[in-house]
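Asks: Build out the structure end to end from the sequences listed, making use of the hints.
Chains as they are written, first to last, in our numbering: chain A, 116 to 431; chain B, 14 to 386.
Derived from the structure by calculation, the hints contain no laboratory data.
It cannot be assumed that every hint is accurate.
Stated by the list, open to error - Keeping only pairs whose Cα atoms sit at most 27 Å apart, straight-line, the calculated BS3-like set for lysine-lysine is: (1) K319/A x K240/B; (2) K300/B x K276/B; (3) K379/B x K123/B; (4) K300/B x K337/A; (5) K276/B x K92/B; (6) K177/B x K337/A; (7) K379/B x K174/B; (8) K174/B x K337/A; (9) K315/A x K246/A; (10) K177/B x K240/B; (11) K123/B x K276/B; (12) K246/A x K174/B; (13) K315/A x K174/B; (14) K373/B x K246/A; (15) K240/B x K123/B; (16) K373/B x K315/A; (17) K379/B x K276/B; (18) K319/A x K254/B; (19) K246/A x K369/B; (20) K254/B x K189/B.
What the hints assert, rightly or not - The following residues of chain A were derived to be distant from chain B, with all beta-carbon distances above 12 Å: (21) E194; (22) L243; (23) V300; (24) D417; (25) Q424.
The beta-carbon is built from N, C-alpha and C at its ideal position, and this holds for glycine as well.
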Amino acid sequence: MRFPVRLRFILAAGLSLLAPLALLRAGLDDKNPGVPTTDSPGPAIPAHFDLPSEFDVSESYVGSADVRRDSRSHSLDEENSEVRFVLTPRISTGYLRLGVEWERYSFGFPENAPLPNTLQNINLVLGLDAKFSDSILFRLEAQPGLYGTFFNHITSGDFNVPIVLGGTYLYSPDLQIIAGAVVDVNSKYPVFPGLGVRWKLASKLVLDAVLPTPRLEYELTKATTLYAGAELKEGNFRTDRHFGDNHRDPSLNHAVVTFSEVRVGVGLTQRLSNSLTLSAEGGCQPYREFDFYRADARYRSDGVAPYGQISLHGAF
Amino acid sequence: MPPHLQLLPPGRSDDHFDTTGERGEWFLLRPPPNLPPVPRAFLILFLVLTAALCAQAADPLAELGAFSVFQNANLDKLKSEVTTARGPAMTDGRHLSVQSCYVVPVPPAKALEALQQWDASRHRELKIYVHGDLPGSPTPASFSKLGSAPDNAAVATLAEKTQKGSHDLQISNGEKPLLPAGPGGKGPLPDPVQSFWSNVLSGRAQNFVANGAARQPGYEFTGQEVKSGDELASLLRQQDKIRKQFAGFLGDNGVSGGRGSLKKDLYFELIDVDDEGVLTLGSFSSKAVGSGFQAADVTYYASGGYYAGLTLYQMWPVEVGGQASTLVWRGDMISAASLATLHGMEKLASESAMMKDISKAVRLLKGDMATGR
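Replies: Here it is, written out as structure tokens:
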């Protein structure tokens, strides 16, 4: 083989850029796919699947902290669960992305708090990874589904189709420049662009400055990576028809609420096998917001909360 | 099919047919003398079609289009640029293939000679740290060039893993007892490390000379045995057109079972795979086909990073701009566990990186040919 062999070409590919609800973390978590571990039994040959697939399961808990609107303050804690499964068959133009996803935020509020105690979405993943040239790759992904609270009375308003478009310019194996945009008609900013960079600073040090999970990573071993960084999570959900009535504010009936939060922390990813990666991280959540922007009602964090998260990524 | 057009089974004679070819081959040679008009018309049509197919086969671009991904190649463009494309889809996730196509301004014999003699290790950007040619019967002493390994992080990683007996090393249970007993020694590849690899590589090279790639020892330490011969066979099995195009040649060069009858140029290399030093064993062989050549560069052993690799070449004589030239098709195939877990964008990026690297290697080769290096 008279050419360099570069196989572990892992990149965020721009497609996670500003992705709502961190839908695209699958690619980011896969830092060292297939690399045999030094401390565990060697690399087993992966099972042969005619239809490649990947999944993510994660669970996190955010401790108690206040959110405030004017003089009103409410303390809450949070559980966040996420499950995602995507098939990635190859076609002539690239790789399809066909899957499903479910994510749920569950908040612990006092009874009188005028905020939904559950936000969740269940949606399809319909996308394509392809390339314009050897240096420019792109992803177009639609996430049609229901974005609401309890789904007791599903209406057309609960249905939404966020679209993610991202591109990566492969400047070199060590440097990629990423650009993308999220299109979401329910968002305060229906089109939200962004830029990022992934730069391998040294053989074990990578700056992965790509939203929603900008990080600095250090490869402790081939199987273990330490990282420090942030995670930006955001989503738009529709409250139910009587939510405002029940909370003495009719303007919040069937209203769109944009939930966003920022987490800052450190974590560790451990490759369990060629196919499975376990991650654990902890830190603090300095920012959180419930924004009923159309009703001009906004609750912002008033304090910092601790959080912990564990997640499992599989690729077959 | 009418009886008079049936092909003869091996060894069978028939009044209507003349089997002057080697016994056992299936030949249709001569029409029977008393054909009625309609069958004769069929036969003429058949012969015309056969002639047309032969004429197409004689056209390099048509032949290229028939088995490769390059359907509309342009010789003038290929003279100045290297065209690369990903190969056909393969169902096995750990396989990747890239095809490339280019023209060099020398006849096929010279193009082949230049390819055989090219020393890629002269180009630092290709990260081939050591290249050594091996004799027909390699011994541990044949790997003495390992002593000239550069002092860099990739080589240091290989040395460290060897001294620690890392599970990353693709060695069989039979080779494990040869591992050096802990750290010690000086230089980028300390003597105990060099000695270990010289023994492992010479044993595997001898095995290849005697039995071909199919009988290489597996990496039994993985729990699931990995055999480079199986990987090579799998790479070819999933590319039907290429396998058919090279069917006769591959049987002769030791890739697909047996030692093969072709002369093989054996070599070893110390290369960089994802920032780690990896030792490989390879074999280069070629065969005249028509007025051109077929060639294969087989990596039948790698100490880590990937399981096996295969680069096939087809060369045709062409004339470009009034100059005798060679149209070269190159197919690169690789099998690596790390590829199996890449999806979508990541896999596209790996393909792109491989295509860029191959383009770069070909451009360097063409540059060296132009300057006579």
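Asks: All hints, please: hold or fail.
Replies: Structure-based check of each hint:
no. : hint            : verdict
1   : K319/A x K240/B : violated (30 Å)
2   : K300/B x K276/B : holds (9 Å)
3   : K379/B x K123/B : holds (12 Å)
4   : K300/B x K337/A : violated (42 Å)
5   : K276/B x K92/B  : violated (30 Å)
6   : K177/B x K337/A : holds (15 Å)
7   : K379/B x K174/B : violated (37 Å)
8   : K174/B x K337/A : holds (12 Å)
9   : K315/A x K246/A : holds (22 Å)
10  : K177/B x K240/B : holds (23 Å)
11  : K123/B x K276/B : holds (18 Å)
12  : K246/A x K174/B : violated (37 Å)
13  : K315/A x K174/B : holds (23 Å)
14  : K373/B x K246/A : holds (20 Å)
15  : K240/B x K123/B : violated (35 Å)
16  : K373/B x K315/A : holds (21 Å)
17  : K379/B x K276/B : holds (25 Å)
18  : K319/A x K254/B : violated (41 Å)
19  : K246/A x K369/B : holds (14 Å)
20  : K254/B x K189/B : violated (40 Å)
21  : E194            : holds (28 Å)
22  : L243            : violated (9 Å)
23  : V300            : holds (26 Å)
24  : D417            : holds (39 Å)
25  : Q424            : holds (22 Å)
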